[in-house]
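If you're matching positions, the sequence shown starts at -7 in our numbering and goes up one per residue.
Hint data in this document are derived by calculation from the structure and do not stem from the laboratory.
One or more of the hints may lead you astray.
Stated by the list, open to error - Distance condition first, Cα-Cα at most 30 angstroms in a straight line; then the derived DSSO-like pairs of lysine-lysine:
1) Lys37 / Lys65
2) Lys65 / Lys109
3) Lys93 / Lys65
4) Lys37 / Lys93
Stated by the list, open to error - Per label pair, the in silico range of CB-to-CB distance:
5) Glu139 / Asp(-5): 28 to 36 angstroms
6) Glu186 / Lys109: 35 to 43 angstroms
7) Val4 / Thr162: 18 to 26 angstroms
8) Leu(-2) / Lys109: 53 to 61 angstroms
9) Gly111 / Tyr12: 30 to 38 angstroms
10) Glu186 / Thr162: 53 to 61 angstroms
These figures come from a predicted structure and were not determined experimentally.
Glycine included, C-beta positions come from ideal geometry on N, C-alpha and C.
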Amino acid sequence: FSDRVLRPGDPVYYDILHSYMGYRTCYYRCFSIGYASHALVDAYKRCREYLDAAISLVRPGCTTAQIAAVWPKAQEFGFPNEEAAFALQFGHGIGLAIWEKPVISRLVSLEHPHEIKPGMVFALETFWPSKDGWSAARIEEEIVVTEIGHEVITRFPAEELLVAGTQYFTVNGPLPSVRETEPTPSRRVVEMVEASAKTEQVGVSS
-7 FSDRVLRPGD PVYYDILHSY MGYRTCYYRC FSIGYASHAL VDAYKRCREY
43 LDAAISLVRP GCTTAQIAAV WPKAQEFGFP NEEAAFALQF GHGIGLAIWE
93 KPVISRLVSL EHPHEIKPGM VFALETFWPS KDGWSAARIE EEIVVTEIGH
143 EVITRFPAEE LLVAGTQYFT VNGPLPSVRE TEPTPSRRVV EMVEASAKTE
193 QVGVSS
């Protein structure tokens, strides 16, 4: 917790936890305040690609291991091991509790897979750090497993990064929603992302 005031360009993400007649929701939405840096836009796109790759696999007969396998290894996004990165590339059942079975994670699912069955309801969430070294993107969707596939039941849009707050204008018109100048990217994060891009394609395990 902090008393720091939000500033233009800051990333913000919320984990939205409703309760209706005893049943819970759990979905992340990510915003940028006022405008977004190119680094955050790029991180959001990567985050969305990993999420969409996982969602596309959801159907009866699929396993939690198959879903977790499309997500990056912990070392590919700055963590020493899967335990340290637990719950960043993640899936969990949702119902009367926020976290229920099945758990979908590289930490547990690859060695202890569970079969996906019709009627299951779970959330899938992904995370990716920005090249600037301090911001990141996080997205989460809720999915119902149908007899032939799946349905995404979260309705608030998350296909692209949302810019929140007032749009500002100059004498020449509105300020752009993507900032053209930004801090020098963190070398460590840039090296990590570049190494990941060379060794894998999104949705294909190495």
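Against the structure, the hints:
Restraint check: the Cα-Cα separation between lysine 37 and lysine 65 comes to about 18 angstroms, which is no more than 30 angstroms; the hinted pair holds. With a C-alpha separation of about 26 angstroms, the suggested pair lysine 65 and lysine 109 falls inside the 30 angstroms cut-off, and the hint holds. Distance hint between lysine 93 and lysine 65 is fulfilled; the C-alpha atoms sit about 22 angstroms from each other, no more than 30 angstroms. Proposed proximity of lysine 37 and lysine 93 is supported: the alpha carbons are some 28 angstroms apart, at most 30 angstroms.
A C-beta distance of roughly 51 angstroms is found between glutamate 139 and aspartate -5, which places it outside the suggested range of 28 to 36 angstroms. For glutamate 186 and lysine 109, the Cβ-Cβ distance of about 40 angstroms falls inside the hinted range of 35 to 43 angstroms, so the restraint holds. At about 25 angstroms, the beta-carbon gap between valine 4 and threonine 162 stays in the expected band of 18 to 26 angstroms. Restraint check, leucine -2 to lysine 109: a C-beta distance of roughly 42 angstroms breaks the suggested window 53 to 61 angstroms.
For glycine 111 and tyrosine 12, the hinted distance range of 30 to 38 angstroms is not satisfied, since their beta carbons lie about 18 angstroms from each other. Hint check: glutamate 186 to threonine 162, Cβ distance near 35 angstroms, so the stated range 53 to 61 angstroms is violated.
Consistency with the previously given hints fails for numbers 5, 8, 9 and 10, ordered from lowest to highest.
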